[in-house]
Amino acid sequence: MSEQDAVSSSEDFVLTEEKMMGNPSRWRRLGVPVAAGQRNHEDGTPDYGLFGPSSVVWKVLLHPATVIYQTPAQFSMQLMYKPVVAGVRDADPLATQVRAGTLTAFDSFNRFQRNSGLHAPMWFGDTRTAETMWAHLHALHDHVKGGIIDVGQPELGEYHADGPRDVMWAALTEMMGMLWTYEHFAWHGDSPPQRLPDHERDQYVAESAAYLRLVGAPEEEIPQTIAEVDALFEKYQELFKKTDTMYIMPESGKDFAVLTQEQIKKNWHPTQQMAVDVLDEFFNKPTNLVIASYPTYLQIWGAGWDEAKRAEEAENLKAALPEIRARQESPDVERRAIDLFWGPDARELIASARALMKGVH
Numbered sequence: 172m173s174e175q176d177a178v179s180s181s182e183d184f185v186l187t188e189e190k191m192m193g194n195p196s197r198w199r200r201l202g203v204p205v206a207a208g209q210r211n212h213e214d215g216t217p218d219y220g221l222f223g224p225s226s227v228v229w230k231v232l233l234h235p236a237t238v239i240y241q242t243p244a245q246f247s248m249q250l251m252y253k254p255v256v257a258g259v260r261d262a263d264p265l266a267t268q269v270r271a272g273t274l275t276a277f278d279s280f281n282r283f284q285r286n287s288g289l290h291a292p293m294w295f296g297d298t299r300t301a302e303t304m305w306a307h308l309h310a311l312h313d314h315v316k317g318g319i320i321d322v323g324q325p326e327l328g329e330y331h332a333d334g335p336r337d338v339m340w341a342a343l344t345e346m347m348g349m350l351w352t353y354e355h356f357a358w359h360g361d362s363p364p365q366r367l368p369d370h371e372r373d374q375y376v377a378e379s380a381a382y383l384r385l386v387g388a389p390e391e392e393i394p395q396t397i398a399e400v401d402a403l404f405e406k407y408q409e410l411f412k413k414t415d416t417m418y419i420m421p422e423s424g425k426d427f428a429v430l431t432q433e434q435i436k437k438n439w440h441p442t443q444q445m446a447v448d449v450l451d452e453f454f455n456k457p458t459n460l461v462i463a464s465y466p467t468y469l470q471i472w473g474a475g476w477d478e479a480k481r482a483e484e485a486e487n488l489k490a491a492l493p494e495i496r497a498r499q500e501s502p503d504v505e506r507r508a509i510d511l512f513w514g515p516d517a518r519e520l521i522a523s524a525r526a527l528m529k530g531v532h
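Each number in the numbering used here comes from the position in the sequence shown (counting from 1) with 171 added on.
You can take every hint at face value.
Derived Cβ-Cβ restraints for the label pairs, each shown as a range:
id : residue 1 : residue 2 : range
1  : M528      : R481      : 31 to 39 Å
2  : M528      : D183      : 43 to 51 Å
3  : V322      : N211      : 51 to 59 Å
4  : P217      : H307      : 20 to 28 Å
5  : T416      : S362      : 38 to 46 Å
6  : K456      : P368      : 27 to 35 Å
7  : E391      : Q324      : 22 to 30 Å
8  : V185      : R507      : 17 to 25 Å
9  : M192      : D401      : 37 to 45 Å
10 : V322      : D361      : 49 to 57 Å
11 : R270      : G215      : 51 to 59 Å
12 : P264      : G387      : 17 to 25 Å
13 : R384      : Q324      : 26 to 34 Å
14 : T396      : Q432      : 38 to 46 Å
Hints listed in this document are in silico derivations from the structure and should not be mistaken for laboratory results.
Glycine residues also receive a C-beta, built at the ideal position from the N, C-alpha and C atoms.
Given these sequences and hints, build the entire structure.
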């Protein structure tokens, strides 16, 4: 959308650069997070939190490609999982704004913006920091529940953002989205992106189990290998299959996605273009490239891609690799990604974790 597409303009929707960038309170919850390794366990050993400097998880998450593309890597897959969409549609702050008719382009950006920084303390903080942040998110999501996931598929039943199944998939889609994006986006000097060795892929999944346990995933379903991840997706495939009715609001029959776009146009001010431009750069433009890094079954179920579309997007990803490389090798691009999506606390957590990794490798 451009400024010329706006159908109305109001000073009520002026967006300043200060509001766009935010301050630590936009991301910070329950105090300043403590970086992994800055406190010790009772036995005197460093508390590296859920993962630590020797982990494959940190190898993946701390690569500049993952830092820059984390938002589409996570959300593109999470928004394939229908209970997540249902929660956003029915009970997210975005849902409140849509129903009130006040949603703006900045509000959509802000929803993406807060997410990375809220997760960083769990991935790069010490144990107490990770547990504290999850306790906050647990309380935040407890009320996000409903009796209808998809009005077109009532047989899918209920959802609960804080229930064992849905917290498992919220966490697992984050972790797998970042792994698969890393494998297709992360350059290492002149070496192009490549899949991790099988044993490291399995180690990544096994290490991710600590995160799934933190959020309350059912122990019997926590995968330990890539093969078990694939089997879990197969088991829950009906919750990933794209339908035209997923965004229909049960109480009104109106389409949440359509209303969102209508309100962004209605509640427009030219300064909102700042938010649109950032979303285009960091989310909209790379989304299909990210999905092209996912397994074929997710491209079919979640994106609804046929064979021709899959081949087209695979070629688009191949053609985009030089630009992807240039972006991840640019300190300015990574700095902007961190400032816009991860926030100041996450900047410190990432820097601290990278320093720990250098001391190990």
